Amino acid sequence: MSDISEVVAEREIDRSKMQVSDEVAIEINKMNKWYGTFHVLRDIDLTVYRGERIVIAGPSGSGKSTLIRCINRLEEHQEGQIIVDGTELTSDLKNIDKIRSEVGMCFQHFNLFPHLTILENCTLAPIWVRKVPKKEAEATAMHFLEKVKIPEQADKYPGQLSGGQQQRVAIARSLCMKPRIMLFDEPTSALDPEMIKEVLDTMIELAEEGMTMICVTHEMGFARQVANRVIFMDAGQIVEQNEPEEFFNNPKSERTKLFLSQILGH
Amino acid sequence: MSDISEVVAEREIDRSKMQVSDEVAIEINKMNKWYGTFHVLRDIDLTVYRGERIVIAGPSGSGKSTLIRCINRLEEHQEGQIIVDGTELTSDLKNIDKIRSEVGMCFQHFNLFPHLTILENCTLAPIWVRKVPKKEAEATAMHFLEKVKIPEQADKYPGQLSGGQQQRVAIARSLCMKPRIMLFDEPTSALDPEMIKEVLDTMIELAEEGMTMICVTHEMGFARQVANRVIFMDAGQIVEQNEPEEFFNNPKSERTKLFLSQILGH
Amino acid sequence: AATLDDVKARGKLNCGVATGVPGFAAPNASGEWEGFDVAVCRAVAAAVLGDATAVEFVPTTGKTRFTALASGEIDMLARNTTWTFSRDTDLKFTFVGVNYYDGQGFMVPKALGVSSAKELDGATVCIQTGTTTELNLADFFRVNNISYEPVPIETNAEAQQQYLAGACDVYTTDASGLAATRSTFENAADHVILPEIISKEPLGPLVRHGDDEWGDIVRWSLNAMIAAEEYGVTSANVGEMSAAAGDNPEVNRLLGTEDNLGAMIGLDAGWAKNIIMSVGNYGEVFESNIGAATPIGLSRGLNAQWTDGGLLYAPPFR
Amino acid sequence: MATVTDPPKAAFRLSMLIYDTRYRSMTIQVVALIGFLLLVGFLISNTAQNLATSGKTVSFDFLSKPAGYDINQTLIEYNNQNSHLRAAFIGLLNTLLVAVLGCATATVLGVIIGVLRLSPNWLIGRLMTVYVEMFRNVPVLLWIVFAMAVLIETLPPPSAFRGDEPAATMKVFDTVAITNRGVYIPEPLFSRSLGDIHLFGQSALNFDVSIDLLLIVAAVVGGILGARFIKRRADRIQEATGLRPTTWYLRLASFVLPVLIVLIALGFHLGYPALQGFNFQDGTYLRNSLIALWLALSLYTAAFIAENVRAGILAISSGQTEAAGALGLRPKRIMSLVILPQALRVIIPPLISQYLNLTKNSSLAIAVGYMDLTGTLMGITLNQTGKELETLLLGMLIYLIISLSISALMNWYNNRVKLVER
Amino acid sequence: MSNLHADTVAFVRETMLPQKEPPASTVGIMGWGKKNLFTGPFNTIVTVLCSAFVAYVLWMLIPWFFAPTWNATSLGECREMLAAAGRVGDHGTFGACWGVIRERWIQLLFGFYPAELYWRPIAAFLLLFVALAPVLFADKVPGKLLIFTAIYPFLFPWLLWGGTIWSPICAALGFVILWAVVKYGSEAIGQLGAIIVAVIAALVWWLFLSGYVQDALVSVMPLAIETVASRDFGGMMLSITIGVVAIACSLPLGIILALGRRSDLLIVKALCVGFIEFIRGVPLITLLFVASTLLNIFLPPGTNFDIILRVIIMATLFSAAYMAEVIRGGLAALPKGQYEGADSLGLDYWQAQRLIIMPQALKISIPGIVSTFIGLFKDTTLVSVIGLLDPLGLSNSIRADQSWNGVVWELYGFIAVLFFIFCFGMSRYSMYLERRLKTDHH
Ligand SMILES: Nc1ncnc2c1ncn2[C@@H]1O[C@H](COP(=O)(O)OP(=O)(O)OP(=O)(O)O)[C@@H](O)[C@H]1O
Ligand SMILES: Nc1ncnc2c1ncn2[C@@H]1O[C@H](COP(=O)(O)OP(=O)(O)OP(=O)(O)O)[C@@H](O)[C@H]1O
Ligand SMILES: NC(=O)CC[C@H](N)C(=O)O
Ligand SMILES: [Mg+2]
Ligand SMILES: [Mg+2]
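Chains as they are written, first to last, in my numbering: chain A, 4 to 269; chain Z, 4 to 269; chain X, -4 to 313; chain R, 2 to 423; chain D, -2 to 439.
Don't take each hint at face value.
[As the list claims (entries may be wrong)] Calculated pairs, DSS-like style, for lysine-lysine (alpha carbon to alpha carbon, straight line, at most 27 angstroms):
no., chain 1, residue 1, chain 2, residue 2
1, Z, 134, Z, 150
2, A, 138, A, 181
3, Z, 159, D, 333
4, X, 87, R, 333
5, Z, 159, D, 31
6, Z, 134, D, 141
7, D, 32, Z, 137
8, D, 31, R, 333
9, Z, 138, D, 180
10, D, 31, Z, 97
11, R, 333, A, 134
12, A, 138, R, 57
13, D, 137, Z, 137
14, Z, 159, D, 141
15, R, 232, A, 137
16, D, 32, Z, 181
17, R, 57, A, 97
18, R, 66, X, 87
19, Z, 101, D, 31
20, A, 138, R, 232
21, A, 101, D, 180
22, Z, 159, Z, 101
23, Z, 134, D, 266
24, D, 266, Z, 97
25, A, 101, R, 66
26, A, 97, A, 152
27, D, 333, Z, 138
28, D, 141, Z, 101
29, X, 195, R, 66
30, D, 180, A, 97
31, D, 180, Z, 137
32, D, 32, R, 333
33, D, 137, A, 97
34, A, 150, A, 181
35, Z, 159, Z, 181
Since the hints were made in silico from the structure, they are not lab data. In this text, all values refer to a predicted model and were calculated from it rather than measured experimentally.
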């Protein structure tokens, strides 16, 4: 892990571009969620402004994935409000569709479509959801593939790429929908060390361009350099949130200290 | 990689015991091998004396594995001679059996038998091939397990051990057949760094006892410390061979230089 | 070659019978096979082994019977099987005689109001496959230029079930089989057997080609039963009559009190006595299984002795 | 250093047959071959000897002799004076008929049940599980005879339709008669029929093909091509403008219209079954033997197909659905663009082997008197001619050819859709 | 830094929130029902329709099932009893006729096997589990039991068919000869030679010598239990016998075929592929026809053996082909390294197969073997087509009995339940195995 933060550090990161605006991108109010009788998310309150880069950390099972999946309505919440880009998430299908095309998501296991080429993976949603002409969609796709540095793989199938390449395709695929918010759920934890770097680089570039991002990750190097806020979750609740420097150097809560000592320990 | 050579260096290696005798252990004359029409091994000439520790290096696909598999007759060669311990490898089954019980082999992926305990793995061949009584075979097995420092695992199954432990079992298993020559095919390349050390230690011990060894490996630290000859292969041929010091400090061929710059570069 | 030796060695006769035709061959409540055809099997067992119960009955359908016999699974077949040219020659079997002279008939529900087979145009007919009746049926309707719909069926029991359920209008098979089947109906009176008999169906036991000695044994076992009736030998009086030679030399030869006919077919002298003692003569067997006093109620008709105007005529025992 | 002499050019010794790997494999093969040939020879000599003792000869002459028996369901012209070969052909057609019908129904049922088993509705999921377990764990033969018994025992005979106050009446506006002999449905008739084409002249396998039927098939094929054309056009428009025109009604029309036109041109009308004499006349007659066999085979096989379908869908990880959902795709599109194309790759190979099983199981037709290949060639023909060897071998050969063709199809498909891997 | 909001949102939770009960509508029966039965109007309708269907089926079945006809002795009597109980509907009486089951269930289970000997098949099948235990529950059962497993194949037929104890012993002796020749002959004539000689020796023993030896032994020491003829086998017992024997015999055959199919000896491979594809390409019923009509033509004149044996042979060949495919799958799942590991230690082909490859491949294949067995077990009903009295065949002959002519549902239902219990049980077992094998690390 320490290697990686060094890798990230090598690069000079241009924080100046990472402007945070006053506009609210996501607002979560007293949100509660249960799996059966198990209370996974408890009274979550969170406001994310446009341009923020938020890293969520926390022990396994603390509800990090569930939280960001709720933002994308991959999971339903039972109490409270989630408002994305001014639209409240209810079971209204139209709202859900609207929000999903505003919010891009990257999964731990990439979830590329193995029966489609890389290019087709990237153009599928623009064509069918955004109703973009194929030519145009392909042009956009190539643009984002170039951005993630694998334009030459466009005609291959996901099975032919390495893990790092696949994750970058997954990011490009989300970007092709031109989302205003990106969610990442442990995007690098299934990758080998060299590949982690490739993916983190891509994410840093995104951050530099001012994308609003919420990222569940344990890459603390990344959090330090890129995030403007780190949220620590435990037992389904937000336990602490702060700027990265403060968060790492001066954690307030006991749990946070324990957690940090564990993950930075090795 | 550099870490490991340091690890090995920490230990004071007793080269005095590693005597090379005049007796020929393996002699290979103008050996050629094809896979279909693909010429994998070309005019290989090699003489290995008793007690020699030879390291074979070379880029991927250069035929290193194929060469040592030929010595054990896991692959058949088509032209030339391989004489092991005075017996020529022909298609005569009796010779093959004889040679295989003279020559032990360790694979990259250990190839332990997962349905047998560690002890059973070690006693299987002595009992069935050498017709040793079970008691005796078990005593020998325990002796070698102690030597590789895992006697307490004797009753476990391979699936319950770590990779490094498994590789050491694999070595012990070969030793139980009391081979006069040991072949290693990248024995550490599937292991995590900490485990590599365990296995290399075991191999060094073997070398100190005067075992004739041929080892395909990219652990250059090991090569420097233990080998008395390094052979560099490329495109199915032996390109260069020399003492380790000379080989590393003063490579003659362009290819060797290129190769060394690559593997020592990172 | 030597079926007789096999049977003796085995101590049991393997005899093919129908899967279940009441009165002809059917297991009773205690699982013992009974019936008119079964009696032939028992007779042969009595003659060969001296024990009428030493029979392994193998139920066969119209379709499986010939392969069972040809393959040697059974030693003989006594299963209302019609003696035809091609079966005798082409299928390589030997029919040893006729134990029932029959013909093919039709049974219909009375409610249909049919009085002749010629009125059956367009009817659905249940027919057992692999039988002569199947071929006769095809011929009959073709010759009369009327149509029908065959429903092929394996066993008598299935035919009965389908017929009663109304899945076919007509059931056709040997007239004796029809009578036997009808006798088991709850309302037998609701069904009629049409007057037409469209074929000759001489039914008899058969054996494989190629073992004439065995054929002889089966043939003369059947003849012994017929002759016994002709000469008035019954299961009741056979003990007495065979105790000593009587005044009818033919009877004496039959019962082994004079000459030793048994030896000529490789059996002991009392072979015919055993048959009659344990199975009875033809008439007794007929009456007790399918005769007028039974629910089946068949009259002797063609199956009366030649002396009574029927066709039964056992060759002389000499 | 020990010198090495030239390799001893060992002369061939007998022991090398056993010890030398080069010769050893030869030895094994030769021994195996000899063993096999001995076995074959043994069987053939036994057969010859056995046939000689029973006085039989092997010959296929009987195939050209008149069959003599009638078959109730004949897809092509047949009467009892036709040859045994033709009777066998009728049987083969019947086998293929029930196989095709069965495969089609089993697929539809299986897919529905397999999908319903995954339904979020607990009750329906449970019901489908009960269905699957019930059919999978009871022998198919039992289902066949059971289906036949249901048909025979619970449905009314045609005679029940007779009289002034019949016990049973025809269904669907008096056009369908359901009896325990089978089901009569209206039949298609053409007042301006174009007649038949006669194929294969006078040979035993000759048959007529109705030109009307060919025309209709042509119209359907044309319709499919048309629909595909419309779909392609929609694809092109979508590619160009991004908007996909609504085409379902056009595609429907291109399916329906040509067929409709052909039907009208041919003077299509329905012939209704009517009770006449002993049976219903006119109309298409689906015999209960066909229905029972068809029903039982499809229900039984559907249970297996349902399992394959379920496994196929489950094999596509939920991650795929989530990823597609997160991209904003609608459930219908997720199904058609992401899940189905992948699931089909998993489902189709076992599906085809279920087809193979169904086809082989159709030989159980004899249990209900359906005259398929086993019923004719390996049943009545065998019995009437006594040619066990010839009929059985011929029948097995035909089944083998059918099976091998189906597996060839499967291999072709597998090779075509293999996912590209690293 | 322009992290505008970071300081404004800095937040530390002082007290952790406890678990809360979820909203009432999402838990308990209500929540469960809402989630699983009544999500949306469409699902509600489906639920209602399904419940109606289930209720209807039960409403029809239950009264039919609970019919007071247990003691009837004929269908007619059943009808009278039902009429007396007032069970009269539109189509005559309504209700099951259980008398037939009471009277014949023993027969449906055992066929015509002599009643006083029922203990023998029962013992045979119970012992089957003892014999299987060391294979199936290798971790829980002492390995010594394997000896019993080896004896069992000879014990089983002896218990079922009876006869002199010497015949299974003589049959087993053949295998002993086979083993001994291979073991001691390998030194002298090499292994391949020894195997060939051993097979020949064993064949000579079985075909020519064992008969005399057996006769001699019988005359010296006539140890025998009562013989039961194959004809008397029937019902479930017949199905199980055919199934068990065929599977047991097909296992070694399947292994050989699978090895043959994977071998690189061209002729051997071609023979195996030909055999497997042929058997899998034709319906089982045609093979049964061959058993009942042709097998005798193929065998030496005068051999005439029992139809059940012939059927078992065919069923064995049939399941061997399927077994071969299952085992081939297991072999293919083994990494190549296992073969190389064995080779490099100097084990020869058969040692490697026996000690390394097969134990692993078979373990992987157990679920496949079980499902082959279920398939075969269900297919044993086909023997009714060639006239054997398996449960289905017996049901026909029961219905041929005058008193039960016309009884359908009760018999079929009973048979179906019997098969269901066996097959369902086994399929559950194999699922359990599959799960266990997945989590197993060794
Ligand atoms: N579908 C589900 N049904 C029931 N419980 C679930 C479900 N999904 C997750 N959980 C439980 O909810 C809790 C939170 O899960 P979540 O995946 O959000 O944790 P996480 O913080 O992402 O952990 P990790 O770092 O391991 O990914 C865990 O205890 C998990 O067991
Ligand atoms: N069974 C085979 N059939 C055909 N070609 C093969 C086979 N095994 C290996 N090869 C080819 O032979 C060449 C030499 O292979 P070999 O495994 O000996 O290389 P290597 O030097 O050990 O490489 P690595 O470092 O990757 O293990 C490679 O090009 C390889 O693709
Ligand atoms: N119905 C039958 O089973 C026999 C029919 C006819 N007697 C025959 O031999 O073919
Ligand atoms: Mg998570
Ligand atoms: Mg290698």
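Checked hints:
1. 134/Z / 150/Z: holds (23 angstroms)
2. 138/A / 181/A: holds (16 angstroms)
3. 159/Z / 333/D: Holds, at about 23 angstroms.
4. 87/X / 333/R: Not OK: residue 87/X and residue 333/R at ~69 angstroms, beyond 27 angstroms, violated.
5. 159/Z / 31/D: Between residue 159/Z and residue 31/D the Cα gap is close to 50 angstroms, so the pair fails against 27 angstroms, i.e. violated.
6. 134/Z / 141/D: holds (22 angstroms)
7. 32/D / 137/Z: Roughly 63 angstroms between the alpha carbons, so the hint for residue 32/D and residue 137/Z is violated.
8. 31/D / 333/R: Since the Cα atoms of residue 31/D and residue 333/R sit roughly 24 angstroms apart, the hinted pair holds (cutoff 27 angstroms).
9. 138/Z / 180/D: holds (21 angstroms)
10. 31/D / 97/Z: violated (74 angstroms)
11. 333/R / 134/A: Roughly 16 angstroms between the alpha carbons, so the hint for residue 333/R and residue 134/A holds.
12. 138/A / 57/R: violated (76 angstroms)
13. 137/D / 137/Z: Holds, at about 24 angstroms.
14. 159/Z / 141/D: Status holds; Cα separation ~21 angstroms.
15. 232/R / 137/A: Distance of about 16 angstroms is within 27 angstroms: holds.
16. 32/D / 181/Z: Status violated; Cα separation ~67 angstroms.
17. 57/R / 97/A: Answer violated: residue 57/R to residue 97/A is near 81 angstroms, above 27 angstroms.
18. 66/R / 87/X: Roughly 18 angstroms separates the two Cα atoms, so the pair holds.
19. 101/Z / 31/D: violated (73 angstroms)
20. 138/A / 232/R: holds (19 angstroms)
21. 101/A / 180/D: Cα-Cα ~77 angstroms, so violated.
22. 159/Z / 101/Z: violated (31 angstroms)
23. 134/Z / 266/D: With Cα atoms ~33 angstroms apart, residue 134/Z and residue 266/D exceed 27 angstroms; violated.
24. 266/D / 97/Z: Since the Cα atoms of residue 266/D and residue 97/Z sit roughly 26 angstroms apart, the hinted pair holds (cutoff 27 angstroms).
25. 101/A / 66/R: The hint is violated at about 76 angstroms.
26. 97/A / 152/A: violated (35 angstroms)
27. 333/D / 138/Z: With a Cα-Cα distance of about 31 angstroms, the restraint between residue 333/D and residue 138/Z is violated, given a limit of 27 angstroms.
28. 141/D / 101/Z: Violated, at about 34 angstroms.
29. 195/X / 66/R: holds (23 angstroms)
30. 180/D / 97/A: Given pair residue 180/D, residue 97/A is violated - Cα atoms ~78 angstroms apart, limit 27 angstroms.
31. 180/D / 137/Z: Given pair residue 180/D, residue 137/Z holds - Cα atoms ~18 angstroms apart, limit 27 angstroms.
32. 32/D / 333/R: Distance of about 22 angstroms is within 27 angstroms: holds.
33. 137/D / 97/A: Violated: residue 137/D and residue 97/A sit about 58 angstroms apart, past 27 angstroms.
34. 150/A / 181/A: holds (14 angstroms)
35. 159/Z / 181/Z: holds (23 angstroms)
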